[in-house]
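There are 2 protein chains.
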Amino acid sequence: MSSRTDVNTLGEFGLISHLTASFKNRQPSTVLGVGDDAAIIATGGDEQLVVSTDMLVEGIHFDLGYTPLKHLGYKAVAVNVSDICAMNARPQQITVSIAISNRFSVETLDELYAGIKAACETYGVDLVGGDTTSSNKGLIISITAIGRAPASRITRRSGAKMGDLICITGHLGSAYLGLQLLEREKQVYLANPDMQPEMKPENKELYAAILRPEARTDMIDLFAKNDIVPTSMIDISDGLASELMHICKASKVGAIIEEGNVPIKQEAQLQALEFNLDPITCALSGGEDYELLFTIDPKDVEKVRFLPNIYISGEIVGKDDGITLHTTGGNIHEVKAQGWNHF
Amino acid sequence: MSSRTDVNTLGEFGLISHLTASFKNRQPSTVLGVGDDAAIIATGGDEQLVVSTDMLVEGIHFDLGYTPLKHLGYKAVAVNVSDICAMNARPQQITVSIAISNRFSVETLDELYAGIKAACETYGVDLVGGDTTSSNKGLIISITAIGRAPASRITRRSGAKMGDLICITGHLGSAYLGLQLLEREKQVYLANPDMQPEMKPENKELYAAILRPEARTDMIDLFAKNDIVPTSMIDISDGLASELMHICKASKVGAIIEEGNVPIKQEAQLQALEFNLDPITCALSGGEDYELLFTIDPKDVEKVRFLPNIYISGEIVGKDDGITLHTTGGNIHEVKAQGWNHF
Chain A
1 MSSRTDVNTL GEFGLISHLT ASFKNRQPST VLGVGDDAAI IATGGDEQLV VSTDMLVEGI
61 HFDLGYTPLK HLGYKAVAVN VSDICAMNAR PQQITVSIAI SNRFSVETLD ELYAGIKAAC
121 ETYGVDLVGG DTTSSNKGLI ISITAIGRAP ASRITRRSGA KMGDLICITG HLGSAYLGLQ
181 LLEREKQVYL ANPDMQPEMK PENKELYAAI LRPEARTDMI DLFAKNDIVP TSMIDISDGL
241 ASELMHICKA SKVGAIIEEG NVPIKQEAQL QALEFNLDPI TCALSGGEDY ELLFTIDPKD
301 VEKVRFLPNI YISGEIVGKD DGITLHTTGG NIHEVKAQGW NHF
Chain B
344 MSSRTDVNTL GEFGLISHLT ASFKNRQPST VLGVGDDAAI IATGGDEQLV VSTDMLVEGI
404 HFDLGYTPLK HLGYKAVAVN VSDICAMNAR PQQITVSIAI SNRFSVETLD ELYAGIKAAC
464 ETYGVDLVGG DTTSSNKGLI ISITAIGRAP ASRITRRSGA KMGDLICITG HLGSAYLGLQ
524 LLEREKQVYL ANPDMQPEMK PENKELYAAI LRPEARTDMI DLFAKNDIVP TSMIDISDGL
584 ASELMHICKA SKVGAIIEEG NVPIKQEAQL QALEFNLDPI TCALSGGEDY ELLFTIDPKD
644 VEKVRFLPNI YISGEIVGKD DGITLHTTGG NIHEVKAQGW NHF
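So the protein sequences, as listed, match chains A and B.
Going by my numbering, the residue at position 144 of the first sequence is 144; the numbering climbs one at a time, nothing skipped.
Going by my numbering, the residue at position 235 of the second sequence is 578; the numbering climbs one at a time, nothing skipped.
Simulated from the structure, these hints should not be mistaken for laboratory data.
Among the hints, a few may not be true.
Stated by the list, open to error - In silico DSS-like links for lysine-lysine, alpha-carbon gap of 30 angstroms or less:
hint, chain 1, residue 1, chain 2, residue 2
1, B, 367, A, 70
2, B, 504, B, 568
3, B, 460, A, 249
4, B, 642, B, 543
5, B, 504, A, 24
6, A, 137, B, 592
7, B, 504, B, 642
8, B, 460, A, 137
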């Protein structure tokens with residue numbers, strides 16, 4: 001009798017590692033394969049291409065009960081662009097494939113593509129291909145993004161060194177709290193369809209964070225303008241803790257995060273308290289903020305210190321020191337990954 | 344009240360045109376966007392990249408009731424590689440994203456990836472990335488393939504000229520007849536689960552055509568070796584009629600196909616008759632053969648005539664002459680597209 005191993009036992013990253021472990025790269029043009037935010041492909045010239053792909057499934061990654069299709073289209077592009085940014089590259093092309101059940105009309109798809117188009121214009125990427133097919137259930141969006149950068153500027157997860165500073169490009173936890181608000185309102189609505197959802201104006205930025213995040217192409221331009229090449233980088237899609245662990249694992253280092261230096265918006269802090277959550281937990285374990293987490297050589301600190309929207313939040317230490325959070329109260333906690341797990 | 348247009352009213356190609364009509368390409372590196380088998384991207388050097396993507400949905404594109412997962416993995420790669428071949432380029436990298444419901448175990452995914460790996464080895468492509476997530480229902484596979492070729496060799500759909508010869512790289516209709524056999528056996532099984540499916544050995548090649556097609560990378564090598572650059576090319580995924588119409592539309596020409604020169608295997612001819620089908624109809628309207636349909640300048644005819652597996656099946660004529668089939672009986676029929684429509 002054949003055995004049956006549930007995919008949940010491996011988790012998303014474990015499953016990818018398991019399935020791709022025996023594959024070998026043969027093409028000289030393959031500079032980097034599976035295991036970073038994007039693959040790196042040589043072009044023959046000084047520039048290299050970076051390629052990343054993401055699949056978004058209705059009911060798993062988004063809920064059309066509270067996600068406007070235009071925002072969804074925008075976000076689907078933004079999260080792929082974010083992976084290209086995480087390589088310190090500029091996105092240039094995307095392909096978009098969709099599978100749709102027969103409940104989707106041309107007009108609803110027009111909304112989705114209006115969002116895709118808006119994102120293409122914001123990030124300067126061209127839609128160059130795709131596929132359109134039926135699904136048995138719901139909407140599935142698969143996007144591949146292609147970017148490029150000079151080989152000397154491309155940044156991997158694996159370059160962090162002891163003594164490097166850990167930087168974050170913006171506020172964390174907002175998307176997670178926005179999602180909690182939307183889920184709470186959905187439950188209220190499901191319990192009583194006559195109740196109108198209550199979207200308080202003071203929470204506007206939390207809703208925007210989850211429904212219409214921005215990729216930080218502006219940071220890639222800022223790095224280039226200020227002659228900064230991070231030693232390592234990743235985008236924060238699964239929460240700070242999980243991403244930090246990816247960098248530390250790939251770079252074979254440890255890390256200290258200073259709670260007081262992790263940027264969290266005041267409205268996120270207030271909303272976290274209303275939900276009886278610790279704000280730093282939302283930043284560490286909540287996902288989908290799509291800020292960049294990167295490390296820099298300490299000699300670059302003066303270049304970074306006065307740039308807008310960059311927060312120096314910690315330091316890379318030796319591998320044996322592990323990954324720890326130094327709280328504002330003076331305690332030290334081991335950081336554990338509790339990112340999203342879609343299985 | 345907002346209107347609701349069913350996606351079926353547009354068809355797959357009409358829907359893609361509709362959704363992408365307002366998008367403009369801005370990047371100088373985008374040489375060719377939506378509308379061919381693959382997009383073309385400049386690299387800065389003499390070579391260009393071609394990028395193609397396909398999404399396969401369980402219950403729409405494949406039936407796991409009679410499709411071994413290993414074959415499915417192989418085919419999913421082959422159909423994407425075929426799109427790269429259709430540009431006269433050599434595939435080098437792929438990304439593979441999958442969404443799976445919880446009925447899939449690690450062991451079944453191992454089978455799927457064994458097929459993906461076998462295809463990567465056959466075609467010399469590297470698996471460089473992907474995504475793995477949950478689905479609400481069934482298995483969805485989204486693959487993006489990246490190939491490259493010297494700019495001067497890349498072949499589009501749009502270059503066919505009056506007087507060019509129409510060539511096909513292999514037998515058509517086999518995949519369609521293989522599918523009909525599998526569907527018939529499935530119905531027998533569903534009606535009486537004690538009946539074992541009857542897979543006659545003489546139909547082996549028909550089953551292979553639908554379950555484990557090959558992309559014609561060998562033809563791309565043959566073209567390069569013999570200094571042949573087709574004037575236009577497309578892969579036959581939706582049936583000869585539909586693909587010929589794509590070439591004629593893009594090239595603004597018409598075409599004559601000689602029934603007697605369309606390659607159809609004897610076993611396919613026999614099986615067609617058993618199903619009360621005209622073999623040429625299976626070739627024109629059946630899909631998934633993944634042979635290449637291309638046109639050559641008449642001055643290249645001597646280069647092509649003695650190459651193995653290339654059949655000269657017709658000629659490009661003026662646009663006003665339309666697309667016609669000249670039958671072995673001496674009749675002339677207008678060719679209409681009846682390719683697959685997954686909506």
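Consistency of the hints with the structure:
1. 367/B - 70/A: Since the Cα atoms of residue 367/B and residue 70/A sit roughly 18 angstroms apart, the hinted pair holds (cutoff 30 angstroms).
2. 504/B - 568/B: Since the Cα atoms of residue 504/B and residue 568/B sit roughly 24 angstroms apart, the hinted pair holds (cutoff 30 angstroms).
3. 460/B - 249/A: 27 angstroms, holds
4. 642/B - 543/B: It is violated: about 44 angstroms lies between the C-alpha atoms, which goes past 30 angstroms.
5. 504/B - 24/A: 43 angstroms, violated
6. 137/A - 592/B: 34 angstroms, violated
7. 504/B - 642/B: 12 angstroms, holds
8. 460/B - 137/A: 29 angstroms, holds
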